[in-house]
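The residues making up each chain are set out below.
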Amino acid sequence: MKRFTCSGCSLLCDDIIVRSDGLFIDEVIGSCMKGKERFDQVTSKNRITSPMIRRKNDLQKVEWDEAIKETITILKNSSKPLLYGFSNSSCEAQSKGIELAQLINGFIDSNASICQGKVLNLAKELGINLSTITEVINKADLLILWGANPAETIPRLLNKTLFSRGKFRMTGREIKTLIIIDPVKTASFNVMGVRDIALRIKAGKDLELVRALKEECCQNDSIPSEGVAGIDSEDLKRILLHITGTENGVIFLGQGILKSTQDNVLIREILDFIQVINSKQQKGRVSLILMGGHYNMAGFDHIALSSCGKIGGLQFKNKQLVETEDTIVSKLERDDFDCSIIIGTDVISHLPYTLSSKLAKKPLILIDNHRTATADIANIILPTAITGIECEGLAIRLDQVPIHLEKIINPPSNIPSDEDLLNKIIMRLNEGGS
Amino acid sequence: MELYKFLPKTNCKKCGKPTCMAFALDLLQGKVKIDDCPPLLEPKYQKQYASLKELIGSEEGQQKELRINIDSDLCDGCGICVTVCPVNARYCPPSLSGKAPDYPPEKHQLFQVKSGKCELLKIEYCRRIEAEGRERECRVCETYCPREAIKIEYV
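If you read the sequences in order, they're chains A and B. Numbering-wise (our numbering), the first sequence opens with residue 1 and increments by one. Numbering-wise (our numbering), the second sequence opens with residue 1 and increments by one.
Chain A with its partners taken away, still in its complex shape (with noise of 0.2 Å):
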């Protein structure tokens, strides 16, 4: 039996069963509840199948041409566009947004951004080793979930990697130790064995539980004996045996270490902490997997990298790439952009309010596949097929691997994909200016 890939969330799992007669999906076998919601979402009340305009404060249906000539008019009087979203289209649109950005002097950013991108960035940086879900089923030995909670975010993330069978670890849950650090007792803490350590740290705490780690593991007897960040001196000797001993220890760095502020000292401290692991150890080494949200949101990044040489925001104008250390954030802040572009994400629930609410005062093109909080401040809702089920694409799994998503069935009254409709507006702006 065919087996597909499913788009619900980044591990994009590989086994899925769709059985369908072309037309419609009628069954969906081994996939968790956000797979069957991803694949519901073909027949959803809120999907979109022809574009929109908002017209007197009301969002009224029209044709194709009509809405891309609306779009082509406010991008050709804007100086300063803002592209965003990104992470839930295939590398190939991306690329395609890219060369959007290019043509229009504008600047782009993925959610990666105010996600994993900058912890990635500095792995990069300070050459640490990131591990893939093959490895960590075949040859991992320990796992550090660090503000993670795969159990409610990522459903299949645990049964893939801390219980599966591998090759050198033949009976699956047995031979790995599991090590969950977190203030909240998540779903997660359920999957706890015998040998396994909780950690339930104090909320906020997780930089001076890295620095004293870090210590203890250059100079012995460091710990003070009332232990550190709520947690007993016993405890953090025995998790640095393990990380110490272990063949091939890997750690999961979630959403919770993930600060709003700029600086990323814990980041860079956790990194820090790996490197230092990984120089003291003989045979054994401890490398990382990051874990985002969006079933595309490493592939951002890495288009960026290949195309561009940089991660994260990229500024153009005049047509070349403009050093900048600038972000979403940064850009929502100062207010500098007169129009936006964003791509298959819900900005106005995702960022503060006193960010999102500079969208909605400039013209908002929104390119979705359902209706969302954004559309309600959209100008512009074009709509496209949704890649993985009605168009076909490459993504980037969390653990950096390219996954090619094949087409299931067709898109409802022909909506074109992310990247055949980036493609007709770069066209039509080609085309305008000669």
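Be careful, since some hints might not be right.
Unchecked claim - Taking lysine-lysine and the DSS-like style, the derived pairs with C-alpha atoms no more than 27 Å apart in a straight line are: (1) A/Lys-45 - A/Lys-61; (2) A/Lys-185 - B/Lys-117; (3) B/Lys-33 - A/Lys-185.
Honestly, the hints are just simulated from the structure, not real lab data.
Let chain A serve as the given structure and place chain B on it in line with the hints.
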């Protein structure tokens, strides 16, 4: 040990076991019956026989029918039970990212995730029924369910 207290403790070997302790252990696992011990049937041990009958009887009464209840409101289809179940694991062909259960399901498969919810296909091949000895006490699916949706019960 509880059972041993009520045995004659004479090590008479009439039951075929070397000691009364060995008989007690087998009694616990259900390999022998109380009536297999001839001295116990004598009127001298009548009281002990009755209390033993009560102890074993209550346990036998519990082990009537095995049920694995899956709360579909709590379940989010993570499939940990599918992977961790030792019976299922034998019938999982490898895929690109780990092993995935066969489809259509093998006749031995206990669990299957369908439409985002886990469902019990059949219970006949569960280790609690099939296996012997310590393996019979298998509770992995219940222990490792992160949502605490699985409950093993005897009704």
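Hint by hint, here is what the structure shows:
1. A/Lys-45 - A/Lys-61: holds, 16 Å
2. A/Lys-185 - B/Lys-117: Between A/Lys-185 and B/Lys-117 the Cα gap is close to 24 Å, so the pair holds against 27 Å.
3. B/Lys-33 - A/Lys-185: violated, 46 Å
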